[in-house]
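Take the two lone chains, each set in its own frame, and fit them into one complex as the hints suggest.
Here the protein sequences line up with chains A and B, keeping their order. Numbering follows the UniProt record's numbering, with no gaps: position 88 of the first sequence is 88. Numbering follows the UniProt record's numbering, with no gaps: position 50 of the second sequence is 50.
The reader is advised that the hints may include incorrect statements.
Stated by the list, open to error - Mimicking DSS-like on lysine-lysine, the simulated pairs with C-alpha atoms at most 27 Å apart in a straight line are:
#	chain 1	residue 1	chain 2	residue 2
1	A	K68	A	K175
2	B	K117	A	K115
3	A	K44	B	K117
Everything labelled a hint here was simulated from the structure, so no lab data went into it.
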Amino acid sequence: MSSGRSIPSVDRISDLPDPILSHILSSLPTKFAATTSLLSKRWKPVWLSVLILNFDDKAFKDFVTFRKFVYSTLFSLRDKNTSIQSFTLKLGLFSRFRQREYNRIFKLVMQGGVKNLNFDMTGKHCYIKLPPRILSCQTLQILKLANIKMWEFDQVRFPYLKILHFERVDFTSPKCFVKFLYGCPILEDLNATSHICQTSSLVLENLNALPNLVNVRINYDEMDNLMTLVSKTRILHINQVRGMTWKTLPMFPNLTHMELDSFHVSTRERKGCRSLVEILPHFPNLQHFKIWFMFSSYRGEGICSECLKVSSDPTIAPECLTSQLKTFSIKGYKGSECEFNFVKYILQHSKVLETVTVKSSRLEKKQMLMKLALCPRSSTTSKILFG
Amino acid sequence: MAEEVSSQMNSLSISETNPSSSATISLVSGDDIVFKVEPTIAKEMETVQSFIDETDGKITTIPLPNISSHDLPYVIEYCEKSIAGKITKEFEAEFVKKLNNEEVKELFLAANYLNIKKLLDFLSQVIADRIANKSVEYVRRYFGIENDFTPEEEAKLREELAWTFTGVDPDDEDEN
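Only chain B is shown next, with the shape it has when bound in the complex (with noise of 0.2 Å):
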């Protein structure tokens, strides 16, 4: 697994140093691992843009610290494929049979992090899809969520849930 990883971020990294091109990007990873990316790369992560803008270009060296050299090439290529239109369903389904739960949350928060609005829209279906009809137990385990409800307030919150499904009357109060 790992060396598949790697074999595919080094195809990444080499046919993104594009020598035409005098102005590309370097994401650093969190753990000191550079990605160099075209501009258009860049222009899609929304917070590296304006990191980039903010220093008029000068800066092209972006330090990541919040995301690994594990999760940044899938960033990458799914902002690739965007650039090029190719975001198809068959795309994404492809896509997310890689990923594991854990690998889901940490592009996820690579995505939050990046501002990337197409992947986290895509990311948040995918999370909703993976905890959809499970149990509140399934679900805490998902998200790795401490339960910090005492058995009391659980067991209240429970019961006025239940509340919110049995226990009013709608009122009939007229509005029109």
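Isolated chain A, as found in the complex (with noise of 0.2 Å):
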């Protein structure tokens, strides 16, 4: 058996071709791949081969050491026709490199052929007008984009963007932020938290601009026309949901996964509330669904009964409650009429509900659940679980 074992003291790996090394340190940050010059001559050049390249200032003492670092390397040492596959620019509060320095260095990282972009400007939040370059970079697969305010642009072209993460990211004005989305008619994740101001009055053009649309994460916005541009969507993650106050909800046909997260609700907000079961309907192959509710205490009463209130005729169940939802979570369940109506709506009507999952905080959590364990199910095979 033992036989096979090679001796641990042979250095076999450093013999492997160069592609193969440099794949090793691909995943890790530029810094260190930096200092793997010093471990032997065979391996002194494959640092400057690596096809990703990941600058964070965190790990530099000052941003003049970090920029010294991001110049040579990029500028000096590197050879000037390595392609670069991916590139990350992390740069926390006092980092300041200047318009015509992000100019250059992504210019570099363009004509290296780039496919997935990282950029993070961590706690800085001061406009940054991106190289109108990068706004139409042709190799581009996935951008993503974190703190940083949008100057305005003139055009976007993403014409094989996949993937397209916002994190905070803020948009002088809404029709920016469209004007952004138009540019990627591939794009398949959507990853949005970003702030954009109430938009309701925006007229978009295209409705149909994202066909390929799979995965979509964005907060919730009174933008009927920002849900009607995202409706071709599996998957929706809507965050911090204030009510149901889309007006002209449009239908979601590919829809089987979502997920309502941070759903709080204000007195104020009451009006024109639609109620969730009203808005059912349009997702009628929904399959699996999630809320979490959350309580402001100060406001007392939770969840407001206009967005649960539930249709006492059964004729009118929603289609995906009689023929598709198998999965249903709750977070944060307190309890409360209208949220135990709501549930039992739930369990009432869903034919085909697999499992039920209720996590609440609440002492008297034991009897709550009982009650809703009592309640009448439309599939017999369903379990409730309590977390």
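What follows is the structure in structure tokens.
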């Protein structure tokens, strides 16, 4: 058995070709990759051919040092013709490249044929005018921007972009945000926890601009049009839900998973609120449904009863309940009457339901949950799990 | 440890000897142990598959002199999971927990030799995680790298590297 084991001290890794060695270094921060040039003569040039660059100023004592490292790596040490597959630039609070420096860096990155770009200005909310070149990057497939305020731009053209994440990216106007989306015709994954002000007045030209969407994570927004723009998605996660105030919610024909996160309703926002049951027919193929209720303690009474209002007429149960819904989860359940009636409604009308998960932090939850367990159910095989 | 591994090996070869399938592939490790695998497993190993293709499927016994009978079952296990579409974060975490540094390196070499991209990517990441933020001396020991720099050369290199971090002014050439 032991005859096949090699002797530990023999270094066979160093005999591997450059691309394999640089592959090992590619998931490491570029600063660390640079130190592997000290290992041996064999390893000395390897880090310069890594296709994935990751610059994070956190690992440097100050910005001047960081800037020098970025500059020498990109402009003097690496061969200009080495391609760059992925480029990450993370800047902290005190880092400040000048506009023309950004232009120069991103120009080189674009020339390297970058497919994956991550740009994070942690904690630094200043308006960035992304070099126009970036915004028409033909090779880009993944773009993740974080902590950036976007300055005005003319045109966005990402013909191959599939994944777009905006984490705390602010746009000067909702129009800009939508313009950005229009530039990504084959987008599949959109994660936008951005600040896009009230936008109900915005008129969109093409509501079918994003036909390939699969996974969408957005903040609740009153913009009915934005919902239309993402209506082809299969998975929808809405954050910071503040009631159901959409006036003209479109149909979501492909949607199978929906999550309503941090669902909180203040007394002031009750006006014009629609009920969940009323909007469910817009999701005819919904199979997995999650709601997370948030309670603001100072507002006291909890969920707005409008949102959870149920119809007493069983003949009008939404299609997704009678033929699709398999799992239903609810977090932050407090057992108020309207909550109870809502869950009861789901149990009563969901014919193919498999599991219901109820999570509650209340002390008297045992009684609350017992009450739920006794509700009549349409699906004989459904299970209720309590957490 | 040895017993545990060999029992695992037996169970693998038994489960892989499926009587209904006529075309099982025999992989022969460097220490002459035969592992019978389904053709679908062989497909995951590009090197093996191209060997089979070159001989129009006539040859089904493939010698793998660079891979020991200790490492091959791990490779087969990974390929099986991959075919079943069951490569999850949990599986990978469990898989790597069983491996010491030497085994990780051996499997990495095996994955490279057999040209199994997914396994190679995964193990690259494992190795990267294990050397991340370690000293140059540690990384040398990890790979078994012999330092072939003279003390003068090394000192000069360290200085140059320090210069990379601190010594040069970014040139302000404006290229827009």
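These are the hints, each one checked on the structure:
1. K68(A) x K175(A): Not satisfied, since the Cα-Cα distance of roughly 38 Å exceeds 27 Å.
2. K117(B) x K115(A): Distance of about 19 Å is within 27 Å: holds.
3. K44(A) x K117(B): Holds: K44(A) and K117(B) sit about 25 Å apart, inside 27 Å.
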